[in-house]
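Engineer: Keeping the supplied structure of chain L fixed, place chain H upon it in accordance with the hints.
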Amino acid sequence: MTATSHLRVALVFCLAVVGIPASLEAQFGPLASPGQAAQARSQEELDSYLEIVGATDARAIVQRVKVFVSEFPKSELSGAAYQYQLQAFERLNDFDGMLAAGEKALAADPDSLNTLLALAPAVANRAAARPDRVQLLSQAESYALRALDGVDKIRVPRELSIEKWNLRKHEMQSEAHGVLGVVAFQRGQSPQAIRELEMAISLAPRPKGVQFLRLGLALAAAGKKDDAEQNLRHAAALGPDSVHNVALDQLKKLNEGQRTPW
Amino acid sequence: MCVAALPAQSPPGRSVSPDSSGIVANPHVDISELARSNRWKEVAALADRNHRQKPEDPTALYWLGISRLKLHEPVGSVQAFRAAEKLGLNTALSHEGLGLGYYDLNQFFLFEEQMKKAAALDPRDSTPYFYLGLYRWTIRSDAAGALEFFDKALQLHPDDWKSLYQAGNCFEHLGKLDEARDRYAKAITLVEKNRDAFGWPYQGMARLLLDEKPEAALEFAKKAVSLQPDEYSNHVILAKVYERLGNLPDAIREAESATTRNPNDSTSRYALYKLYRQAGDPRAAQALKEFQEVKMLYDRD
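Which chain is which? The protein sequence lines are L and H, in order. This note's numbering applies: residue 39 is where the first sequence begins, and numbers increase by one. This note's numbering applies: residue 56 is where the second sequence begins, and numbers increase by one.
By construction, these hints were calculated from the structure, which means they are not laboratory data. Ideal Cβ positions, reconstructed from N, Cα and C, are used throughout, including at glycine.
Calculated lysine-lysine pairs in the DSSO-like style (CA-CA distance at most 30 Å, straight line):
# : chain 1 : residue 1 : chain 2 : residue 2
1 : H       : Lys141    : L       : Lys112
2 : L       : Lys104    : L       : Lys142
3 : H       : Lys96     : L       : Lys202
4 : L       : Lys112    : H       : Lys172
5 : H       : Lys268    : H       : Lys231
6 : H       : Lys248    : H       : Lys231
Interface residues of chain H toward chain L, partial, derived using beta-carbon atoms under 8 Å:
#  : residue
7  : Val130
8  : Val133
9  : Gln134
10 : Asn161
11 : Gln162
12 : Phe163
13 : Phe164
14 : Leu165
15 : Ile194
16 : Arg195
17 : Asn319
18 : Glu348
19 : Leu352
20 : Tyr353
21 : Arg355
Pulled out of the complex, with its shape left as it was, chain L reads as follows (with noise of 0.2 Å):
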């Protein structure tokens, strides 16, 4: 394994870290347009989405939309519906289940951001592992550039105060931009990781130790050394323990690439 290579799958894992950006609140949640909300067209159907809503298991959750799904085909909840089942499959790791949940869910939404921000991190991360990986890697970067366009054009339910949406378009847009900077990692482009890497962290309200670490990655890959130690320490100090473990073997092999140049 190349040093490089090695990067990657850090890189990879610390996607994995990272878990779904945003809490599903589909269709219930408040709407800047509840006249446009998606209508149930009878009690049962209602009643079986509720359903969905109301489970916890995730494959309970995957199972009710299969059954909703079949019982209305042409139901107007069925996007969100895709939406749970799109976090369910993330909850179960069956990245295939995903990929399909999410597609569906954009079907009926294309600019979801809760799909395009769940879906566009779970491609990027793991595309690395699959030998479609370059069609994966441009589908997660589509998507994170639909969401960072979506986020400059949505019309905010007044329930949302300004500094509250600010808050969270910030974290949408910090989630875009790590995404994007991980595509440009996987592609082997590191000054516009590095870039898109370090505009997540400027934009997260309270940047994670997975920031820090993707970007210390991403530094070390261009072999700027000094700033790669800097932002793995950075991680090391913030946590979870997942990346601290991470950062602080990163930083053993960065000291031992003094000795032994890669």
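Structural biologist: Positioned in the frame of chain L, the structure of chain H alone reads:
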């Protein structure tokens, strides 16, 4: 008016008791008494306990539905009402409660269906028509359609000042100002008689009088603010009246109150910007910037 306002806009004199006695399972605790005192968490806990003790009793589920609705848990509310319905509960109040739960979930098709069932089961009850009118007006912006429902509600309950106010508001929107004034005046008479803290018809009247009789408008606008001081739109109208009377300092104070109470409303932000500009206040530039930000975020087409 926001979406969540509908359940809060119950017509006057409503009881939430179902058609049964309201005494459920535990004979020592009257659940409807707790409901009358708005002790909804206790109602929910008791209803839940009663439901566990007597799963076949739809009344316990009714109370569970109502209490969860009041506690802003619409998913739980709808599920409880639906379970009650499946056990055979079929009353005007249960359909009304279920309809309001659907409304809170933005399920307007099902909301309308339930309100129509409630109206059919109790043809003397004006409440479903009031809610249907409010939905037509606030969500669909259909003043003419809403007016038909408010008129129907008023046929059944002529002293319902909330329906009178809403009908006046629809007439005002349709440009029928004499009719609007008549409904606001009637609503005001009833509000004063019942000493209710309902400022909306005063605000409406102030709006109608603003250009022709600003001094008279001032009294109504002040009354609206005194009755509902936390309602930002009352302060907007009072600011406009003060502006019309050439009293810029008080107009600015009221516009500032409006933006403090509802920072996300572009109308009051714009009113404040205009007032600062008229007064030569250097804060005008910042107010304009804030207005543009709010407009772009919340009023984007």
